[in-house]
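Participant: Residue strings, one per chain:
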Amino acid sequence: MATSDSSISGRPSMAGPDSSISGRPSMDLLRFATAGSVDDGKSTLIGRLLLDSKQIFEDQLEAVERTSKERGFDYTDLALLTDGLRSEREQGITIDVAYRYFATPRRKFIIADTPGHVQYTRNMVTGASTADLGLVLVDARQGMTEQSRRHAVILSLLRVPHLVLAVNKMDLVDYSEEVFEKIQADFTSFATKLTIPDLTVIPISALKGDNVVERSERMPWYDGSSLLHHLEHIHVASDRDLVDTRLPVQYVVRPKSDDFHDYRGYAGQIAGGVLKPGDEVLVLPSGFTSRIAAIDAFDKEVDEAFPPMSVTVRLEDDLDVSRGDMICRPQNAPTPSQDIDAMVCWMANEPKLRQRQKLAFKHTTRTGRVMVKDLQYRLDVNTLHRDLDATELGLNEMGRVQLRTTVPLLCDPYEKNRTTGSFVLIDEATGVTVGAGMIN
Amino acid sequence: MTIVTHTDYRLSHLDELEAESIHIFREVAAEFEKPVLMFSGGKDSICMMRLAEKAFYPAKIPFPVLQIDTGYDFAEVLATRDRWVDRLGVRLIVASVEQAIKDGVVVDDGKTSRNRLQTGTLLHTIEDEGFTAAFGGGRRDEEKARAKERVYSHRDEFGQWDPKMQRPELWSLYNGKIREGEHMRVFPLSNWTELDVWHYIGREQIEIPSIYFAHEREVFDRDGMLLSTSEYVTLKADEVPEVRTVRFRTVGDMTLTGCVESTASTIDEIIDEIAVARVTERGATRGDDRFSEAAMEDRKREGYF
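Just so you know, the protein sequences line up as chains A and B, in that order.
Read in the numbering used here, the first sequence has 163 at position 154, and its numbers run on one by one without any break.
Read in the numbering used here, the second sequence has 242 at position 125, and its numbers run on one by one without any break.
There may be inaccurate statements among the hints.
Below, a sample of chain B positions facing chain A; criterion: calculated Cβ distance under 8 Å [what the hints assert, rightly or not]: (1) His130; (2) Ile139; (3) Glu144; (4) Lys171; (5) Phe173; (6) Gly188; (7) Tyr189; (8) Phe191; (9) Arg257; (10) Gln277; (11) Arg284; (12) Leu287; (13) Arg296; (14) Thr310.
No wet-lab data here; the hints were simulated from the structure.
Model, not experiment: these values are computed from the prediction.
Glycine included, every Cβ here is placed at the ideal spot set by N, Cα and C.
The following block holds chain B by itself, in its conformation from the complex (with noise of 0.2 Å):
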């Protein structure tokens, strides 16, 4: 099927886009040794693996996928994981938490979020396997400390990020060079708003995970967030669950994941109610990014996605 497009030679912000995400993908399959994409099974993984697909066909995704598995992840978010995978034909690796935990890995002190420790979970797997770049999905619309982040983020041998230390980023030209131990997180999607990725999955008619759509589910108020009952959740006496319509902005960990109550059942209505919405997808529910100000750089700093 041949199709005619563009006879004015533009593109529409969206082609633009994803031309550049593409040239991404190909230029880390070219120049790094073991490349990984990091697959959390969320709308913005799902829109990078779709860009992953398109990079490379018809032949397969050249590298691996790696899901950091908290042990309190949505089922619905891992069934969507292992269709894409199937369908792709791309080796999942699944890197546990809870044996993270077990293995002495990471320290369970009963404070540390779930979200946390998947930092250390997620080094150690980087480094067990020797990856030498990781593909993340971090936008750079979502928070402050993330507009200033690199397509290409290099990380030294403790995965740390040193803001200071950034190396300049020149028209499309990425420096991949590391040193033995260090690895590179790449991002995609750097340049793309939620709204883009919304318009993205849109458009690509792709599958994700049924709990971005406007469901009856039971929840409960904490802190100003509407949360999940589930069996990973211990209800504090003042706490009444009740079932009420709601989907989801962000997937994560289940104990830390807030809905929001909406009807939008459609790409295009959580589309529409993304255009009018009044707080970003993170404050809104993710009780991870709440602690300070500049969570989200002490996070990165530590080797966070």
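Just chain A, with the same shape it has in the complex (with noise of 0.2 Å):
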């Protein structure tokens, strides 16, 4: 395939494309859910992190300290760094998923900061969708609430696959060993009913700063690691599965150029597996096979892909591939159903879901309408009780339903792949996000 020059009048002392930038190593990405209520100091805790990384900005913490000072606190309130909108600001609550970004030499990090409280359910699925991590705080006075294994339940349901608990507050608890391990034990007991494949326990002051960014010398008994030194080096990348391949179709590059004219490369970003040149592939819905004839990033060819790489495959054969369609190898491909059974959670106050509700929904790059076919239960997040009598769901609520697509979905149970496993479910009288759903 031809290839241009990408770099066009880069200034001469620029760093070329392969030096490691301001002499920084190569760092990578880990997305985190935050949980707990303002109680439980967690916007305490994520300014604690912007700042002890250095990622508040003195005209921030001016701001910041300015508010605090009118309000008559005694100590700047760390909180008041992660209000966003002016209605959240006079009431004194979070009402929405924020997002928050730092960095240290090792990693970025992006923080999906979400309210705590049952009405914000949504907010924490939303949260948790994208997670690598979620990190759920207690007040180590009050311990295990019915909030925290709410969060914990959640998380295990949108399958985070790592999950850390932040015991705060221990300044408040003369620093006890005795009060932590209780906290420790029980959680650890309600976590085997979940999936929770890590849990990680780490005892914290986030207003005093203890085992926040530095091992504390007040709690001499344990001898884990920082919660930031955690969040650095926890290892995340076998969490993506890289054995089932699977690249559904985004977008059909065709430039009808002089250049490239037979060019024709499907688009995507890989959601499973490692595809490399010359490797068969199975093409669905049609059936079709072929084989890779070179995977594009741009205008270099690379010798594999993996997610979350976004690409574009060219194929030896000249086969009709559209967006919706899905790239898999024969012998390891999903079984297409229009029958879907799934965990769903509902977002919206109105409509309800209810029996034979009809929806449009989105999966992958695929789109088209569901019927409800039957609504099997709900599930109690607090007490995870089924409620079989359930007729319908409504905002923030949870559960088990059977839906028939217009169009079959390629998808994959979502234990076993985040992305093939997740749709959402799209009102469409207004066009608003109504479900999330995760296919069992």
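With the hints as a guide, bring both chains together as one complex.
Facilitator: Here it is as structure tokens:
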């Protein structure tokens, strides 16, 4: 394939493309979701992580100091750093998912900061959907609450692979090992009912900074790492499915130019497995097979592609492939199905989810319509109780449903693949996203 | 040319951000009838252009580029814009605030800044041309109100953003459903920080306007901000212009965009400077964000970028 020099008029003094910039080693990315209420000190913890990693600038800190003084607080309320919208500042609560960013030399972090109250389950589900790790806060004086159990349940349902329980406000219980161990034991025993592949419990004080960035000397009995050290070192690359090849076709690239007259590439983001040139592939739903001729990443060809790379694949044969199709392997492909069994989190006040309701859906790059065949049960996210008599799902409720789709879904169980196992439901009248589904 | 990559199946943070942004560009191009890319000539919109270029290569970017001309733009920025547009072979639409004032689309009352008048001009152009999606270079790390905005940010018939009515955004499943007269603002750089953008520009070796690099310029101090002298600004009695070595951290309306004293003349030096900067880029150099604590939230509700 023809290549062109991709760089134009780069300033001669710039760093070369392969040089590590400003002497930094190459960093990777960790997305984590936090859950907890104002009382758990979540905003203070996030404020502390941002402040200690020098992500807070003087003008931001001054604004917060000014506001704290105006409100007559004794100390600077770091929680104010993360209150975004005016209505939230007025009410002193967080009502929406907020995204925060900080970086250390090892890693860039994206925090999905979600409010903890029961009415905001939909926000927590949203924040957890993209997270590699969930961070649940509890107040050491209170221990496990209904809220912290709910947070763990949601993280488990959303298959967030790593969970950290931060036992906060250790300063208010005299840094007591006993208190910590009791909470740790309670939580661990509760977690056995859930799907939590990796659990870490850390005693901290967000206000005083104990075990947040540095190991605290005030808890010599704790031999684990600080929260930040844990976040920096946890291994997440292998959480992705590198076995089952899945490429949902997103866009067909056809330049129709003299230089690339016959070029036809299938663009998309790899959802699973590793693709290599020469691999035999199966295209669904047509069922045609071919081989990968090349994998293009902009003006270069790559020797393999894996999640979450965005690439453009060329096939050896001229097949009719379009958006919504799935490229996979002949011996390893999802079974197309129009009957879907899924856990759904409902996200709208009106309409409610009811039997025989028709909705639009989006799954990978496929869209269509669904009909609700059956609501099997509603799940109480606080008690894990299944209400088999439920006839509808309202805002912030979760339940197991049977759906019939107008077109087959090329899907995997959500527990195997969070990309090909998830979908959203859309109200056709308003265009609003009303449900999030995870396929069983 | 074939390159061997990533034997441990890990992507660097820049590669992962790039993959996510490219996914967003392709999704919009596939699902929206008439997208447009809002291009200011600033580093963020140049970063967007690069990602769009990569998303569709070897085809051309399948949508036009829109610039709102305040009439007070830096010549260096317009020159960079023209070189990018030429190289990529995309259609450039320039909507002029000046013209919008003449046509009565927006009202210049002498008090409202050109930056604010851009909003009316932009909404008018979107409506006039029938654009259904407009890519913007906004990042969530810029400002508190932006931290809560979606990648796909829905706008009603009046172009307004209603933070309380935002659609939940899960996984990488973006809901592009809109009704007649509505449009979507799309922010492919949502998860990038200022530093990520600079690292990416350095890595990609792409052209940005020269005013980002240290240069000598005649400036004066107004309300603690260093502004450039130009034909558009009238000095007040106590304002004394002097030549200093400066650079700009953001580009916008010349009458409102301040510069900082700096000797950073390469991307690496800029990155080192930002790494130790103590003030946000907007706080330091944008007069338009200083008016109130909720300045950005208010402008966003009205339909600003």
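Participant: Could you run down the list of hints and mark each one as holding or not?
Facilitator: Hint check:
Contact between His130(B) and chain A, as hinted, is supported at the beta carbon level, the nearest pair being about 4 Å apart and thus within 8 Å. Taken as an interface hint, Ile139(B) checks out: its beta carbon lies about 4 Å from the nearest beta carbon of chain A, inside 8 Å. For the restraint placing Glu144(B) at the interface with chain A, the shortest Cβ-Cβ distance is roughly 7 Å, inside the 8 Å limit, so the hint holds. Against a cut-off of 8 Å between C-beta atoms, the interface hint on Lys171(B) holds, since the closest Cβ of chain A lies about 4 Å away.
Checking Phe173(B) against chain A by beta carbon gives a least distance of about 6 Å; that is within 8 Å, so the hint holds. Proximity of Gly188(B) to chain A is violated relative to the hint, the smallest CB-CB distance being about 27 Å (cut-off 8 Å). Given hint, Tyr189(B) at the interface with chain A, is violated; its Cβ is 25 Å from that chain's nearest Cβ, farther than 8 Å. Annotation: interface hint on Phe191(B) violated; nearest CB of chain A at approximately 18 Å, more than 8 Å.
Interface hint status for Arg257(B): upheld, as the beta-carbon distance to the closest one in chain A is roughly 5 Å, under 8 Å. Violation of the interface hint for Gln277(B) is found here, the shortest Cβ-Cβ separation to chain A being roughly 15 Å, above the 8 Å cut-off. This hint holds: Arg284(B) has a C-beta 4 Å from the nearest C-beta of chain A, less than the 8 Å allowed. Interface hint at Leu287(B): satisfied, since its Cβ lies 4 Å from the closest Cβ of chain A, which is below the 8 Å cut-off.
Among the interface hints, the one on Arg296(B) holds; its C-beta lies about 6 Å from the nearest C-beta in chain A, closer than the 8 Å criterion. Given the 8 Å rule on beta carbons, the hint for Thr310(B) holds: about 5 Å separates it from the nearest Cβ of chain A.
Hints 6, 7, 8 and 10 from the earlier list are contradicted by this structure; the remaining hints agree with it.
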